[in-house]
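Participant: Listed in order, the protein sequences are those of chains A and B. Following my numbering, the numbering of the first sequence begins with 1 at its first residue and continues without gaps. Following my numbering, the numbering of the second sequence begins with 1001 at its first residue and continues without gaps.
These are calculated hints, taken from the structure and not from any lab test. Where a beta carbon is used, it is the ideal one built from N, C-alpha and C, also for glycine. Careful, some of the hints might be misleading.
[What the hints assert, rightly or not] For lysine-lysine, the following BS3-like pairs were computed, each having C-alpha atoms within a straight-line distance of at most 30 Å: (1) A:Lys10 / B:Lys1186; (2) B:Lys1161 / B:Lys1077; (3) B:Lys1186 / A:Lys18; (4) B:Lys1068 / A:Lys12; (5) B:Lys1079 / A:Lys30; (6) B:Lys1022 / A:Lys12; (7) B:Lys1191 / A:Lys10; (8) A:Lys18 / B:Lys1191; (9) B:Lys1161 / A:Lys30; (10) A:Lys10 / B:Lys1079; (11) A:Lys30 / B:Lys1068; (12) B:Lys1161 / A:Lys12; (13) A:Lys30 / A:Lys18; (14) B:Lys1186 / A:Lys12; (15) B:Lys1022 / B:Lys1068; (16) B:Lys1161 / A:Lys18.
[To be verified] Which residues of chain B face chain A? A few of them, derived with a C-beta cut under 8 Å, are: (17) Ile1018; (18) Asp1038; (19) Val1058; (20) Tyr1066; (21) Trp1081; (22) Leu1135; (23) Ile1188.
The lines below spell out each chain.
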Amino acid sequence: MKETERSAVKRKLDEELKLHTFAGQEAVLKRTHPAPRRTRLHALWNRELEWVLNPASLMGGTAALLLLAALPVLSYTLQSPHPAAGQRELIEVGGSIYWSDTYRNEVDRLEN
Amino acid sequence: MLAARILLVKGVSHLDLIDRLKNQEESALRELMDGYGDLLLRTASLLVRDRQTAEEAVQDAFVQAYLKIGQLHDSAKLKSWLIRIVVNRCRMRQRTWSWRHLLPGGMPGDLPADPATVSAGADDIVMAHWEQGRLAEAVGRLDYPYRESVVLYYFDELSIKEIAELLESGENTVKSRLARGRRMLKRILEKEEPT
């Protein structure tokens, strides 16, 4: 009789918990069998990128690409200590010809 | 995969599976999780009352079982060995939020003169009420030591001796906790009963 009650309680608990199913298999395997670095890098390299082609994203993407392409030129222009080529002057010193600003910079560097 | 599940559920020799686990075969670990994952998750859910915590406890348990499979000497005890690991993980997680719930109850002084007699009566009372209530929720409201014994006895279907070994306590203590657990369960279910 007691055993019957025990199995009835078991059945009731099983019924109430039937939606509780273990779903952590992959998480466990990641911890017990971690993928080698090479595999992870390979997965990263082969990751697919999706670009939705609608007008807004196309314009945005094109603008971003142009900006990216122009970045080195812009950076050089903004940071360069040299004046633009049209504004530079050639000078002759000791029989050799130099850009005047380069010559001044070099003289300053040697004197200091 | 289905064959493995049947093999595990029926308690046929686990030697092959255990050997493959010792050889660190991924497929063996998958079979182990397929065979015992739900049982362990439901056990943990009854013990910690929180699905996420239960899921994490079971994941930890499988990782630990995989790493320490060499410590399992009797393949017939695979189920109770796994349950022991989960119970310990649940205890650890319980301690992090409320260590006082783990204070042992059911000391020898609390023992009824004949636990079996009292248990039988309490069983009838519980059975009269549980049909109307949510049993799992009521079990979750028991104090932890009683909940542990009730879950292992009723849900995991372990014997008193197995529970005593697993919890490292005496068989009389387990009987006492079961008897008191049933009485507490009855009170909880009575309160839930519609008037």
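Participant: Now, for every hint given, state plainly whether the structure supports it.
Facilitator: We went through each hint and held it up to the structure:
no.: 1; hint: A:Lys10 / B:Lys1186; in the structure: 16 Å, holds
no.: 2; hint: B:Lys1161 / B:Lys1077; in the structure: 13 Å, holds
no.: 3; hint: B:Lys1186 / A:Lys18; in the structure: 23 Å, holds
no.: 4; hint: B:Lys1068 / A:Lys12; in the structure: 34 Å, violated
no.: 5; hint: B:Lys1079 / A:Lys30; in the structure: 23 Å, holds
no.: 6; hint: B:Lys1022 / A:Lys12; in the structure: 36 Å, violated
no.: 7; hint: B:Lys1191 / A:Lys10; in the structure: 22 Å, holds
no.: 8; hint: A:Lys18 / B:Lys1191; in the structure: 25 Å, holds
no.: 9; hint: B:Lys1161 / A:Lys30; in the structure: 36 Å, violated
no.: 10; hint: A:Lys10 / B:Lys1079; in the structure: 17 Å, holds
no.: 11; hint: A:Lys30 / B:Lys1068; in the structure: 17 Å, holds
no.: 12; hint: B:Lys1161 / A:Lys12; in the structure: 24 Å, holds
no.: 13; hint: A:Lys30 / A:Lys18; in the structure: 26 Å, holds
no.: 14; hint: B:Lys1186 / A:Lys12; in the structure: 15 Å, holds
no.: 15; hint: B:Lys1022 / B:Lys1068; in the structure: 9 Å, holds
no.: 16; hint: B:Lys1161 / A:Lys18; in the structure: 28 Å, holds
no.: 17; hint: Ile1018; in the structure: 15 Å, violated
no.: 18; hint: Asp1038; in the structure: 5 Å, holds
no.: 19; hint: Val1058; in the structure: 6 Å, holds
no.: 20; hint: Tyr1066; in the structure: 5 Å, holds
no.: 21; hint: Trp1081; in the structure: 17 Å, violated
no.: 22; hint: Leu1135; in the structure: 5 Å, holds
no.: 23; hint: Ile1188; in the structure: 14 Å, violated
Comparing the model with each numbered hint stated earlier shows that hints 4, 6, 9, 17, 21 and 23 do not hold.
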